[in-house]
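For the record, the sequence lines run as chains A and B. Residue numbers for the first sequence follow our numbering, so the first one is 1 and each next one is one higher. Residue numbers for the second sequence follow our numbering, so the first one is 156 and each next one is one higher.
Among the hints, erroneous ones may be present.
[Unchecked claim] Below, simulated DSBU-like cross-link-like pairs (lysine-lysine); rule was C-alpha separation at most 35 angstroms, straight line:
#	chain 1	residue 1	chain 2	residue 2
1	B	K236	A	K55
2	A	K139	B	K236
3	A	K154	B	K236
4	A	K45	B	K160
5	A	K55	B	K208
6	A	K45	B	K236
7	A	K55	B	K160
8	A	K38	B	K208
[As the list claims (entries may be wrong)] A short list of chain A residues far from chain B (calculated; beta carbon distances all over 10 angstroms):
#	residue
9	A11
10	G32
11	K45
12	E48
13	H66
14	E69
15	D74
16	E89
17	S104
18	K154
Keep in mind the hints are simulated off the structure, nothing from the lab. Since this is a predicted model, take the numbers as computed values, not measurements. Backbone N, C-alpha and C fix where the C-beta goes; we use that ideal spot for every residue, glycine too.
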Amino acid sequence: MDFAKVLALIAAMNREVVEYITFGALALTAHGIVRATKDADFFVKPTEDNIDRLKRAIRSVWDDPHVDEISAADLAGDYPSVQYGPPDEAFTIDFVSRLGTAYSYDELPWEVIPIDGIPTRVVTAATLYAMKRNTVRPKDRIDAEWLREEFGFKD
Amino acid sequence: MPVRKFRSIEEMNEAWEWLPPGDPGIARQIRYLWGMVGTTLGPYLNTPRGVHKFRSIEEKNAFDDYHERERIDRMRAERVKK
């Protein structure tokens, strides 16, 4: 995974004033718990304006016609999870508007944490812990355990 | 402190300290770790290109798991051939 390209996307989203919140392994890493991943996860606000800004940000990093397939209507409607695999990269980017009924962009608490000097909107560690601790996937439960140990969260 | 010695793996694990959020060392660690993944798995990384849409996170996880399984199976098959 080319970390420089992920940082370039974050910088572009900041420049385009995209409403996004990093979660998943990249957020875990921003909070200090470094682990490998093959995708970068972002909650995004599923409005037409915001998704237009998001697509401009993506296109500034990858000149890829597939970017046109990302739409606010999908993210706000039947497809709350959209995965984008940029050309010639060994990673994917997940854009999510909501996770089930428990989490949606507007309700997620976030903070700004610099990653390599780039201000990054990251979901809070407590929310990340809550998101991961009740999932069935082993890798998420391991992440939750790391967060619990590091931040002293109680069940 | 270039060399640290431990009497057991448990003692070593207890001594591990995560970096605080925002620490510049985090970016160095990510580059090293993700670079190592890329070097190790490079030819096998089969993450799908283009845009894929999912009705739920479960559907998306199943899609990811399929590709992970396919990657592992391919790596194992090639090891068996050797």
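Earlier hints that do not hold, by number: 1, 3, 4, 6, 7, 10, 13, 14, 15 and 16
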